[in-house]
Amino acid sequence: MKTIKLVLENVSYVYNPGTIYETVGITDADLSFESEKSYAVIGHTGSGKSTLLQLMNGLLSPAKGRVLLDGEDVHAKKYKIKKLRSSVGLVFQYPEYQLFEETVIKDVCFGPKNLGYTPEECLELAKEALRLVGIEEDKFDQNPFNLSGGQKRRVAIAGVLAMNPGILVLDEPAAGLDPEGKEQILSLLKTLRETKKMGIVMVSHNMDDASGADEVIVLDKGSIALKGSAREVFKEYERLAGLGLDVPFAMRMTRLLRSRGIDLPDCFDNEELSKALLKIYKR
Amino acid sequence: MIRNITLGQYYPAKSRIHALDPRVKLFATFIFLISLFVNDSFTGYIFIIACFGMVIRVSRVPLGYMIRGLKGIIFIMCFSVIINIFITEGQVLLSFWIFKITLEGLIRAAYFAIRLILLILGSSLMTYTTTPNSLTDGLEKSLGFLTYLRVPVHDFATMIGIALRFIPVLSEEADRIIKAQEARGADFTQGNLMKRVKGMIPLIIPLLISAFRRAEDLALALDARCYNKEKWRTKLHPLKYSRADVAAYILLLLYLGTVIASKYAFEYMGFV
Chain A
1 MKTIKLVLEN VSYVYNPGTI YETVGITDAD LSFESEKSYA VIGHTGSGKS TLLQLMNGLL
61 SPAKGRVLLD GEDVHAKKYK IKKLRSSVGL VFQYPEYQLF EETVIKDVCF GPKNLGYTPE
121 ECLELAKEAL RLVGIEEDKF DQNPFNLSGG QKRRVAIAGV LAMNPGILVL DEPAAGLDPE
181 GKEQILSLLK TLRETKKMGI VMVSHNMDDA SGADEVIVLD KGSIALKGSA REVFKEYERL
241 AGLGLDVPFA MRMTRLLRSR GIDLPDCFDN EELSKALLKI YKR
Chain B
1 MIRNITLGQY YPAKSRIHAL DPRVKLFATF IFLISLFVND SFTGYIFIIA CFGMVIRVSR
61 VPLGYMIRGL KGIIFIMCFS VIINIFITEG QVLLSFWIFK ITLEGLIRAA YFAIRLILLI
121 LGSSLMTYTT TPNSLTDGLE KSLGFLTYLR VPVHDFATMI GIALRFIPVL SEEADRIIKA
181 QEARGADFTQ GNLMKRVKGM IPLIIPLLIS AFRRAEDLAL ALDARCYNKE KWRTKLHPLK
241 YSRADVAAYI LLLLYLGTVI ASKYAFEYMG FV
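Chains as they are written, first to last, in this note's numbering: chain A, 1 to 283; chain B, 1 to 272.
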């Protein structure tokens, strides 16, 4: 797996400039993403999350600013955009809607084939990706449309993983799945990061999922409102509430218990909270 | 990309044209089309374009926006204009190999192009200023008399309304699928024709599937709300003519009268 660094330098994007439909996508975003790290992007609907993801993959080109992959400007004239596409894998919301091939394996081969790998290499990459997402071998030759929702989603993610990206970007990968399917996706992301050293950027509406990330980026109306480690960001309870956002369950609970007069230290996740509560209980 | 289809979409604005009864606008489109086919003189076109220009002005739909909607038909237009130039017999201006360009051919091609452009702009002005819902209402009411001939007018009106309503939904969906496949390294803009047509498969199949899924959901939703075509369905907002509508009808008839009268007047004077 390649180790890469993606930098957004003062990037802005506006939709339909100069018409009545003009809307701000992203304003002056300065961000940096690396392999091996995980990032969570949170924000209210319309805060510019999807725009940000599409800028990272070169699907949109910034009106202002630069997108740099390992120091190279990806919108420079000579730059081959496929290099960015293979380095930064983008998984859209409900990616199962992009499946089109007759068999699972063929569909997963689509990405590597586009990047110019030989058929044998494609097959190898596809099999590896499918194994990673936990699709058994007997499903490889099945029609993807006959799979369950969670399986379809994992096949679609495999379609991007087969391109061997150094950073994987996902737009709400767990949306619309049952708790089991959701758990599978989240543990997949964890595996990818730990064993494959892949960078993970995930848009999420669930603060408990976001709290597991190394860095949390909070967007509001296209601007970066907050940025930092999960602990730092979620401390800004009032600020987040003002943006229509929540904090992880354990932090919410701690606040509630404190307001009822129970003396608790700052608890960040469920583990810390349960330990603190046990301590009080034993006393 | 695909999302840039502006043809046939509603353009939200507050104008006198937007406020007219949809039946008036349907009638106006009809009258406009007749006038285009009745007229065959240059002066007539100036009159028609002047009137149409005023209507566009009043409608507050930007002209540039309307013209952008014409992009999709450029190919068909060029094709028919070229055919017209070459196949018309008459006074030869220029000839090479088996082709010859005639004066009559050029004039006919120019008329043809003007007619086609006005035809499309005219009918798209109606969709720009009328929401799919009120358009459907207008159609249903205007053609209601056909019910007596056992034509299922209501069904057709509903179908047209749904089709119009889903154009933006599907084009947005297409845009999303294109992006998703591009993120997987697909390229929809390169290669020869054969390669490009083949390259459309990753777009067409997911789009078809999603269209079917939406159709199914919609059918279920209609069913769940007990939608049926009982004869006496009532409307939430029944159509009612206002004074402006009556005035518009009168103006339209005057307009058509002028176009027809001028045609015969010119013929009489030996202009054409």
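By construction, these hints were calculated from the structure, which means they are not laboratory data. Just so we're clear, the structure is a prediction, and the values are computed from it rather than from any experiment. Virtual Cβ for every residue (Gly too), placed ideally from N, Cα, C. Among the hints, a few may not be true.
A few chain B residues that face chain A, going by a derived Cβ cut-off under 8 Å, partial list only [unchecked claim]:
id: 1; residue: Ala174
id: 2; residue: Lys179
id: 3; residue: Leu193
id: 4; residue: Met194
id: 5; residue: Lys198
id: 6; residue: Ile201
id: 7; residue: Pro202
In ascending order, which of the hints set out earlier in this document are inconsistent with the structure?
When the structure is compared with the hints, numbers 1, 3, 4, 5 turn out to be violated.
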